[in-house]
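Using the sequences provided together with the hints, build the complete structure.
Each chain, written out:
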Amino acid sequence: MDEIMSKNNSEYLIERNDNVYEVVIGLEVHAQVTSNSKLFSSSSTKFGAEPNTQVSLVDAAFPGMLPVINEFCVKQAIKTGIGLRAKINNKSVFDRKNYFYADLPQGYQISQYKYPIVGEGNVILDMPEGQKQVGIERLHLEQDAGKSIHDIDPSNTLVDLNRSGVALMEIVSKPDLRSPDEVNAYIKKLRSIMRYLGTCDGNMQEGSLRADVNVSVRIKGSTDLGTRCEIKNVNSIKFMQMAIIYEANRQVDLIEEGKEIDQETRLFDTKKNETRSMRSKEDAHDYRYFPDPDLLPLEVTDEFINKLKSEIPELPDDKKKRFIDEFKVSPYDATILVSDIDTAKYFEEVVAKMGNNRDMKLAVNWITGELFAVLNEKNIEIAQSPISAKNLAKLINLIKNGTISGKIAKTIFELMLDGDIDPQIIVEEKGLKQESDPKALEALIDKIINDNREKAIEYKQGKEKLFGFFVGQAMKASGGKANPQLINEILKKKL
Amino acid sequence: MSEITSLTLYELIKNIKEKKISSNEAAKSFVDRAEKSKKINAYVTENFENCLKLSKEFDDKPNFDLKLPGIPIAVKDLFCTNEVRTTAGSNILNNFVPTYESTVTQNIWNEGAILLGKLNCDEFAMGSSNETSFFGNVQNPIAEDLVPGGSSGGSSAALAANLTPVTIGTDTGGSIRQPASFTGTVGLKPTYGSCSRYGIVAFASSLDQAGPMSKDVKDSSILLEVISSFDKKDSTSIDFKRNNYSSELTRNIKGLKIGIPKEYRVDGMPDEIEKLWKKGIEYAKDCGAEIIDISLPHTSYALPTYYIVAPAEASSNLARYDGVKYGLRSSGKNLIDMYEKTRSEGFGEEVKRRVMIGTYVLSSGYYDAYYLKAQKVRQLIKQDFDQAYNKVDAILTPSTPSSAFKIGEKSNDPVSMYLNDIFTVPVNLAGLPGISIPAGVDKNNYPLGLQIIGKPFDEQTVLNIAYSMEEKINYKNYITDWWMK
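For the protein sequence lines, the chains are A and B, in the order given.
Residues in the first sequence are numbered from 214 upward in steps of one, following our numbering.
Residues in the second sequence are numbered from 3 upward in steps of one, following our numbering.
The set of hints was computed from the structure by calculation and includes no laboratory data.
Because the structure is a prediction, the values reported are computed rather than measured.
Check before you lean on any hint, since a few could be wrong.
Each pair of labels, with its calculated beta carbon distance range [what the hints assert, rightly or not]: (1) A:Asp515 - B:Asn414: 55 to 65 Å; (2) B:Lys16 - A:Asn369: 42 to 52 Å; (3) A:Tyr312 - B:Ala145: 42 to 52 Å; (4) B:Lys281 - A:Asp515: 51 to 61 Å.
C-beta: ideal position from N, C-alpha, C; glycine also.
This is the structure:
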């Protein structure tokens, strides 16, 4: 049921005056490298520190200070490249991107321009209509800038350099994306891969993941690319989608009015939900890129790369395949379970703890149903789940072996939330064990039939709906503990 | 006491170790002489009081195992010195006091040296006459109103005037060797990567290199031994086995092959320089070296290449002086206005000229024609030397195309000024070691230098050849202390 091809599901088309336009999107994602120290200095990268407390002389560009590459960040970039099934370049070069800004202490950003550390690769998206491959153009390492704060002091701009020099990976996609839904899937997949690898925490609230969005439109079916606009520094998937929709429509309107689209850099105003021109192509910065003479070309051996390859964990695509093959989980469920590394870990732990007589369907349903609902409600991640995988596995096993009913399980689940209590203990303490003794149930049912003679007669005369009434009465009389299957059997026999 | 200041470093160390002179006596002598030599304008920042204090401390607890035991030394004001103002000869760093120490200066303090003060230089080391310094011209002790060369002009003048026993300069295109040549002193630019650039105010990162300046070759070998070290804080520092330059110094250069590049015979070169070179060749022969004619075919491209590469790097290196974090800040209506005013007031003409040139050659549309082409030519210049070194062990050339000129004589003619570097620049572009030693005088009795260029990391051979020739040349500076009158 999951991979049914319903072709137009996530397609995004704009119709105007009999013309049908498609939108062409490419993303430049800036992902903060998970690393304790910065790309070229030993300052801490911890988020949320007091302003200007994590700034070395190198980060603040004092005279005579020199950058020294952080090997760990290089490893992280290469691992990410491997996760993107990309070519790792044995030789890459750090360049200086020159421009003046108050929060750019050196007057240039050290980046990689002509020779990035990672070349072409790809990412697989699981769309409702099937899988889609998105090309990766490149991944390069660069420094983040500091932060200018304009709204604290009425007459001055304040600068916080804590972020200055933090390592970023810029991941550039090919213009392969065609809709806001695909952008959503792409960002989530990138984030998922990097979280599996431990190379970027993907935390968009803290700015660990931001993107420049390139948007152009063209008549559907055309193979030429239209003039693109770049929307700078969008920091949530929702805003990316809103910006794309606004921008694509703006461009279509211009074309329909017979006007030209200017290639320009635009900003997305989240309050007004519109994009605005930031600078035109003519005003574009001339960054005067040139190789940084303070740094030698970065050379990595195949041996170095292969060692990192051997450290790569199972990534979402492989894990999904294994869940389907080994656990017989549906492709749809597998996609959900692997999308986040912590969810996958949780699921695998539940599976392991369930033992031999495991019920995959129950496990999937409880995780994606009850547990997700609780996490959503509490707005927490699965890593902070109030119920451990071990205890959820026990609960599932209690259902599977008939000790409790699914209905009672929900009650127990609620009780478990308060301190991750072992469900076995709840069952025993509250006496919630399912009544599966046929004799006891027969006696109970005899009494109900006796008490409701008229209804029993009506049922026999053909009013079959009343069967439910008797089941309900029996469950009620047992305090919900009666084994529903047995009740059904006994009722059918007795009525 | 005046005798102390005219001692070589080697002699001073010997006297201190033999307890004939105390560190404090030495410091006093240099301070006294500096007080009488204000006219030279060698110092940008004096550290005299502190130097006297530290010399006393040294005498109280002397350690004669150190290589520079209690030796007072003044250094070029391009080295960042902890808690001592560091200006790079620029108004934009007029008020800048580092909280850190350059590796090279740290190396000499670790060996017992004591900072006398910071010596004048061309602004951000951009210049060949010390005339671009915000802190004024420096007088060449050789004669009044003569430039001391540049950019390490304060260093060469201080050395020649006996204001410091040795000094450290930096050399991007000749800034150690040319002023040494102009003042009758010795200046060595080591192989790129020998001395750490950490804590040296950057001019052109791929060319900058610190080096010793001294009264004689032996002193340079002693100082090089201390300042040359591998440093993890500089990614371009090279971890190679360094010689014990001073103890391995020898006058036995028999059989060494010395190349004479025909391309260094440039048009319009004064006769005196040609004669000096010929004399140098004879001296080298006398020392037992074999003279071989060689060709460095791309030599004539070196100067234009240098004046693309160096300004390009400088334009980017100097972007950090923006008034935001340290140094001079002029007030402006907004950020851009503040930048413009700060940099207009903070930088001098020559620095602005080079920032402009550098910005231009890196601009899109010009990058390939200038910067990229210059990098390619730089490779060819390197290859010239590589090929020459298949045949010879070192190369002998004049240090400069002329002797020292008068203050103001060339300051309005940048190109004529740039021509000063014609013999020194190829050495920086190829990253090689090169030394200038005094070899004679011109018709005015102004010193002239000869340059010995070596193979990469072969400072020892360069020093040995210089040491041998020095003995034959037997050059003496006749300095009259005219500025004290």
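Going down the list of hints, with the structure as the test:
1. A:Asp515 - B:Asn414: 55 to 65 Å: Hint holds: Cβ distance 58 Å, inside 55 to 65 Å.
2. B:Lys16 - A:Asn369: 42 to 52 Å: 59 Å, violated
3. A:Tyr312 - B:Ala145: 42 to 52 Å: Once the Cβ atoms are compared, 47 Å apart, the range 42 to 52 Å for alanine 145 of chain B and tyrosine 312 of chain A holds.
4. B:Lys281 - A:Asp515: 51 to 61 Å: 56 Å, holds
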